[in-house]
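Construct the entire structure; sequences and hints are all you get.
Chains A and B are the protein sequences, given in the same order. One point on numbering: in the working numbering, the residue at position 381 of the first sequence is 381, and numbering is uninterrupted. In the working numbering, each residue carries its 1-based index in the second sequence increased by 1000.
Careful, some of the hints might be misleading.
As the list claims (entries may be wrong) - Simulated pairs of lysine-lysine, BS3-like, Cα-Cα distance not exceeding 30 Å: (1) 109(A) x 1114(B); (2) 353(A) x 308(A); (3) 180(A) x 259(A); (4) 272(A) x 86(A); (5) 307(A) x 273(A); (6) 307(A) x 272(A); (7) 317(A) x 307(A); (8) 1074(B) x 1021(B); (9) 208(A) x 180(A); (10) 109(A) x 1074(B); (11) 1073(B) x 97(A); (12) 273(A) x 259(A); (13) 259(A) x 208(A); (14) 208(A) x 1073(B); (15) 180(A) x 1021(B); (16) 97(A) x 353(A); (17) 1073(B) x 1060(B); (18) 107(A) x 1021(B); (19) 208(A) x 273(A); (20) 86(A) x 317(A); (21) 107(A) x 1074(B); (22) 244(A) x 188(A); (23) 1060(B) x 208(A); (24) 1060(B) x 1021(B); (25) 272(A) x 259(A); (26) 1021(B) x 97(A); (27) 1074(B) x 97(A); (28) 86(A) x 107(A); (29) 1074(B) x 1060(B); (30) 1114(B) x 1060(B).
The set of hints was computed from the structure by calculation and includes no laboratory data.
If you want the building blocks of each chain, they are given just below.
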Amino acid sequence: MYLSREEEDICRGDHGPTLQKMMNILVALGEIYGAERLVPVRSVQIAGVSFKNIGDAGLQWISDLNGRVRVPSILNPCGMDLRRWKEMGITEEFACKQQATIDAYRKLKITTDCTCTPYQLYDSLACRGDHLAWSESSAVSYANSVIGAMTNREGGPSALAAALIGKTPLYGYHLDENRKPTHLVEIKDELAGADYGAVGFLVGRIVKDGVPIFHLRSRPNSDELKALGASMAASGSVALYYVKNVTPPPPSQARPEEKIAIDRADIDDVYKKHSGRDADIIALGCPHCSEQELEQVAALLEGKTVKKELWVFTARKIAESCPELVARIEASGARVFCDTCMVVSPACERYKKMMVNSGKALVYIPGLCGVQAGFGTLERCIDSALGRL
Amino acid sequence: MEILCRKIAPGCASGPALATKEPISFLGNVDPNTGVVVDPAHDLFGQCIAGNVLIFPGGKGSTVGSYVIYQLKKRGLAPAAMINLRSEPIVAVGAIISGIPLVDGVPEGMMQIKSGTWIEVDADHGLIRI
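What follows is the structure, given as structure tokens:
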């Protein structure tokens, strides 16, 4: 791999041991994947934040680092609401270690907003054509597909390395040749809301790490695109997709050879196979709710009282920008938690069955939390919380 | 005997070989407090990897495995060096942040080398000496 004079100096250790190791990480990944050189990135989004996932080993590593990030860098959700963790039933010991993890990242001058939807908070983190080093699979999918930026799916250490160096190896989704559609997915039925999560759940399993292009009758909004991408990144490992006439177009117009047709019956099957019956907790906000989604939840809960736990996850910046919406939701007995989510927090492990409106959560909850998962539309989820299901 | 290989993580170290044909998931397969392989289904079950030249096809499983390698190193329980058929990011990153020499691109026969055989890994020159 080609390295500039300055990059070689960093590799040799002229800029200290932390940067030397970080540069070695980028060079090793570049060698493994055949990158020609490094490319500057506009921003970095770093996974490996929840203490539930990284444990003492990860905390130790992050705490040992010295330096400061070279480009705007932001964190993935952590394992608890950083202010209301007691309400979530988080133990004192976990809270201490989680706070220490956040502090260690802050020491490196990383913005400690903990969210899987950084694009909902800051427009400046990613624009069309930018190279990025983002980690969280749904954010990677959104950045590549909806924004038209370019990023691979980084691991925690490689994202941190990119943040401290300000560059990433040029391979994979940074190159147009790897951004061509591999599968054409045609859906002739109308879709709305959680249908997009169900479609993603099905398509991800079929295309795996492919690049699907969708021909749809409906025109998905940004929340629906967010749900579609998140779901495909979980049931498969899709990091880039296209929706004809909606997202930025592919680099070439060549039609993919593989074709997939999905109809209403396939989608209904996902709902039927993952019934939300007997759920003892309902969780929304995977990926984190936008203000529009909080508005929908608030409207459905207006004047009503929940009979089961209903947790709504969003980014702190979003909750703080619309306190009246949060108050309307919480007046029902539901809770709006920030900085975390049902997938990465240990708080959900004490329940038996969780109902979600997210295809991504449907994939991860059984394995990562040891909790059964049911799937339904937002309306059905709210009905379940109100004891009407 | 000298074998050519590719440097993934820099450095030079030697030790007795500990080889397996099975990939290793450092999160789950190896106890970070003892360095012992604790997965009963793994070929190396019950063996301690500390101080050995660990030879295995590559990593698998959770990316947290990189941090487990770092924790092993901090506790003096890490392998002296590692040799892969083909390194992937989990083990590569783990080796780099821990300062453990790592090479790949060796012949498949290396995975069957007799345990205890003294091996020197010179990652900086892309060489293994047996």
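Exercise. Given the hint that residue 1074(B) pairs with residue 1021(B), does the C-alpha gap stay at or below 30 Å?
Worked result: 27 Å, holds
Exercise. Taking only the CA atoms, is the gap from residue 208(A) to residue 1073(B) under or equal to 30 Å?
Worked result: Not satisfied, since the Cα-Cα distance of roughly 35 Å exceeds 30 Å.
For this session: Take the C-alpha atoms of residue 1074(B) and residue 97(A), compute the straight-line distance between them, and say whether it is at most 30 Å.
Result: With a Cα-Cα distance of about 19 Å, the restraint between residue 1074(B) and residue 97(A) holds, given a limit of 30 Å.
For this session: Starting from residue 109(A), check that the Cα of residue 1074(B) is at most 30 Å away, please.
Result: 25 Å, holds
Exercise. Hey, residue 97(A) versus residue 353(A), does the alpha-carbon distance stay inside 30 Å?
Worked result: 27 Å, holds
Exercise. Taking 30 Å as the top limit, are the C-alpha atoms of residue 86(A) and residue 107(A) close enough?
Worked result: The hint holds at about 25 Å.
Exercise. Taking only the CA atoms, is the gap from residue 1073(B) to residue 97(A) under or equal to 30 Å?
Worked result: 21 Å, holds
Exercise. Taking 30 Å as the top limit, are the C-alpha atoms of residue 208(A) and residue 180(A) close enough?
Worked result: Roughly 15 Å between the alpha carbons, so the hint for residue 208(A) and residue 180(A) holds.
Exercise. Does the alpha-carbon distance linking residue 109(A) and residue 1114(B) stay inside the 30 Å limit?
Worked result: Violated - the C-alpha atoms of residue 1114(B) and residue 109(A) are around 48 Å apart, more than 30 Å.
Exercise. Residue 307(A) and residue 273(A): Cα distance at most 30 Å?
Worked result: 24 Å, holds
Exercise. Within a Cα-Cα threshold of 30 Å, do residue 1114(B) and residue 1060(B) meet the stated pairing?
Worked result: 23 Å, holds
Exercise. Hey, residue 107(A) versus residue 1074(B), does the alpha-carbon distance stay inside 30 Å?
Worked result: 21 Å, holds
Hints 1, 4, 14, 15, 18 and 26 from the list above are not met by this structure, while the remaining hints are.
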